[in-house]
Amino acid sequence: MKYDKFFELAKKAGIEDCELNINQSTSLEFSLFHGEIDNYSSNSSSTYLARGIYKGKLGAITSDVFTKDSPEQFVNAIVSNASVIENDDPVFIFKGSEKYHKINTFNRELSKIPVEDKLNKLFELEKKIKEGDPRIIEIETVGYEESSSTLTILKSNGLKLTQKNNDFAYYGGAVAKEGEQVKTGFDFFFSNDFSKFDVDKLAKSIVKETTSKLGGHQCESATYKAVLSQDVMRAFILAYIGSAVAEDIQKKSSLFVDKLNQKVASKKVTISDNPLSKTIFARGFDGEGVATRNMVIIKNGILQNYLYNLTTAAKEGIESNGHGTVGGGSRVGTTTWYLEMKAGKKTLEQLCEEVGTGVYITDVQGLHAGMNERSGNFSLQSTGFMIENGKITHGLDIITVSGNLVDLFNSISEVGSDSKEFANGIKCPSVIVKKIAVSGK
Amino acid sequence: MISKKLAIEVLNEMLSTGADFAEIFYEDSHAASVAIENGKVSSSSFDITSGAGLRLLKENRSVYGYTSDLTKKGLMNLAQSLNKSFSGERLITVTKLEMIRGKNRNPIIKSYDDIPLKDKIDLVKEGTNEIESMNDPRIVRYIGNFLNNHRGVTIFNSKGKWFTRETEFARLAYSVIVADENGMETGFEGPGCQMDMSFFKDKAQPRKVARKAAETALLMLTAKECPSGKMPVVIGNGWGGVLFHEACGHPLEASAVSRGLSYATGKEGQMIASPVVTAIDDSTIPNEWGSIDIDDEGNPGTKRVLIKDGILKDFMIDDFNGRRMGREGNGSCRRQNYKFCPTSRMSNTYIDNGKSTPEEIIAATKLGLYAVGFAGGSVDPTTGEFNFGCSEAYIIRDGKVCEPVKGATLIGKGEEILKKIDMVANDLAFGQGMCGAASGSIRTNVGQPTLRISEITVGGRGGELK
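Chains A and B are the protein sequences, given in the same order.
Quick note on numbering: the first sequence equals residues 401 to 841 in the working numbering.
Quick note on numbering: the second sequence equals residues 487 to 952 in the working numbering.
One or more hints might be untrue.
[Unchecked claim] 27 Å max Cα-Cα, derived DSS-like pairs, lysine-lysine:
id : chain 1 : residue 1 : chain 2 : residue 2
1  : B       : K694      : A       : K841
2  : B       : K698      : A       : K455
3  : B       : K905      : A       : K651
4  : B       : K526      : A       : K841
5  : A       : K402      : B       : K710
6  : A       : K651      : B       : K490
7  : A       : K715      : B       : K905
8  : A       : K596      : A       : K577
9  : A       : K841      : B       : K611
10 : B       : K490      : A       : K468
11 : A       : K625      : B       : K570
12 : B       : K558      : A       : K841
13 : A       : K608      : B       : K698
14 : B       : K582      : A       : K468
15 : B       : K526      : A       : K835
16 : A       : K564      : A       : K596
[What the hints assert, rightly or not] Computed from the model, here is a short list of chain B residues facing chain A with C-beta under 8 Å:
id : residue
17 : S554
18 : I625
19 : R627
20 : G676
21 : G863
22 : S940
23 : E941
[Unchecked claim] Each pair of labels, with its calculated beta carbon distance range:
id : chain 1 : residue 1 : chain 2 : residue 2 : range
24 : B       : M757      : A       : E620      : 31 to 37 Å
25 : A       : E524      : B       : R576      : 28 to 34 Å
26 : A       : E486      : B       : E846      : 26 to 32 Å
By construction, these hints were calculated from the structure, which means they are not laboratory data.
The C-beta atom is built at its ideal place from N, Cα and C for all residues, glycine as well.
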């Protein structure tokens, strides 16, 4: 076998347990500009991650290539990286779970569809966006992306784990102008079932996303009752659930320290991580090879579980709940796979009616700068609309929303029925929050 | 390594269906990093990036593909799959490749590859020890990182040219988390360079860098919430340049300009900023974080005056986007690595020195915000709407810097804000960052002297500024 030499050399060098984590992927992308293909890309690549325990410490190396020199290079790097580690974190090359759930995240039909058909849909999408509204003056971006990958983990005890994934996405962004005002809008569709793509629906959504922002003006700086869209909730949930990472709890650097079984959100809030859901985000095992399971994180506002990998779980003498990720260094990270916030029964219109007077925030920007996940404080450039007499009236031109994640999740008074799935593995509905600070005029 | 003979074969295969330009971008890079958490080494890593990106152009169409299979078979398969995008007669045949040698403006006297890991660990520990010596119970977690990257790039193209470039850069970063009964705050400092270890002995000493990160976090713990609304804002030098980077730098990249997707399209020669603003993108500054000897399509790095006394003069241009503008690339074509199709990007981008002093600007401000630390930002180049977050800021009252405030985000439209810069000081400095866009995450310097914006929207939770 191609990789046997690595395991042989590792054993000889005194590496107790080791593994190779191999990710092989291909991708196809194309985009249009003014009715012509302006970018076309076809790619294939591999990533090899070698990890091993040497004298009780974990060492690792990543490489895009596996050549005849790689086994020796990988072993040397594991030894030299492990040799400098000073902390006493328990480390593992996991031997395997008793049982793994079967996951189906690969659709054989996708690669059989001719590229021409995929391209024709894209031309159609561009045309339909352009013709969707006379105020659309330009198509900023319109493209197709498809990727396929196979992850294989080979362990020194002979265990082999494999998962295949594929998916595709159509996306488009348009520019609309009215008077001197210029606005942009963007939307996407992703799946691994090509028959589910509805070009009309996506084109209409992009046109609406873009043109609805026209005619807006800044509102008064004040605290408003608000509806937050699914896209805004996506950003806030990802930031807030990051506080459930056990490593940060153990190191006293999380908003959820000492909060287990306590209230961290209003009773309307239930959020789970569901890696075994039937979505393209499903995962049968985590980065360390631990079998995954569906798990409630917040139930009716009460924090139920932290997110563990093997190292953080061992520190508390419990089992990992399958949230480990591995990368180039010795440190094992923690992630979620498919977050779902439980939907309510009210439509967006009903949420707006309930708000009466307030704002509908549809988008937040600049999260890497304006969101402090440690303190929970955020101040973010936003897009939205005014709600007056229970109806959406006009757009809001360039505003910020500010607040604190703990206050925000505790002030959710209603949850909508309009759940939307996003490409980074999260599905959530719109909500009402009792107050959010808006900076405008 | 790809031999010259193989490069010619692959280029000719790429050109066989009528492309008017072909390029092979071969990369063999490696990076090493070490992390020290609460005084103990917690992680050490080594990463190898190796592969090739093939690019074909025909008029305004670009075809790109990459592979980590560097065998003749792997490269020829990729060339054949990409050339199917065109269906014309061959226009060009490559018969020879001439090596082009450029200046090395960023010499590394002693390679980081030859420095023992222990020395790098000792360097980071100088800073983590400093934080430990502060002995402040509010410091709950502190992490020091050292990253060094050695990037080897070879470019072959159908103009018969062959370029090679070796780059080394390094970054030392400290992040500190502090907490008390009122909450938790963070501090971060991360200076970097294309220079050897002497940079960290002279210009960015670990003790000072680490202490600054800890002190900022502790200061923010005591800070009140930032007020909101429109107000005058004095932006501190160095990292304050992220304002120009977002508000104007991205909209002046050919990727947006050439497609009419920037507010600056067609405005060359027009007044787009206040007359006190002169802005420059200069990739030739020796050993600076964003400098390049040659760009990622082989053009030499240059100094470009983008705005002179408020008038728009130039853009960051790559050869492909330049085609729509009737311009040649001016050394601005960059990419994170071979997995990204390159495009026009910034390098060391800054607003040049003005005539005021920082003290005069503060003294001339009756009531406003003084922002000195920044967490980054983002922009929509088409609308020019941008945001950036402040990690350290103070209220100015009656011309004096007063209490610290936290949680400030500044937002605006690039076109409007550039016209509202009414005072520029003479204390130009740079800050090192990573910029993410279509061709990946690249090293860029932001920079500016202290300057004032007469009015900008500030987002915060502290109510009205009084």
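Against the structure, the hints come out as follows:
no., hint, verdict
1, K694/B with K841/A, "40 Å, violated"
2, K698/B with K455/A, "36 Å, violated"
3, K905/B with K651/A, "47 Å, violated"
4, K526/B with K841/A, "49 Å, violated"
5, K402/A with K710/B, "60 Å, violated"
6, K651/A with K490/B, "54 Å, violated"
7, K715/A with K905/B, "57 Å, violated"
8, K596/A with K577/A, "32 Å, violated"
9, K841/A with K611/B, "47 Å, violated"
10, K490/B with K468/A, "23 Å, holds"
11, K625/A with K570/B, "56 Å, violated"
12, K558/B with K841/A, "62 Å, violated"
13, K608/A with K698/B, "47 Å, violated"
14, K582/B with K468/A, "31 Å, violated"
15, K526/B with K835/A, "43 Å, violated"
16, K564/A with K596/A, "20 Å, holds"
17, S554, "4 Å, holds"
18, I625, "11 Å, violated"
19, R627, "5 Å, holds"
20, G676, "14 Å, violated"
21, G863, "5 Å, holds"
22, S940, "16 Å, violated"
23, E941, "11 Å, violated"
24, M757/B with E620/A: 31 to 37 Å, "32 Å, holds"
25, E524/A with R576/B: 28 to 34 Å, "33 Å, holds"
26, E486/A with E846/B: 26 to 32 Å, "50 Å, violated"
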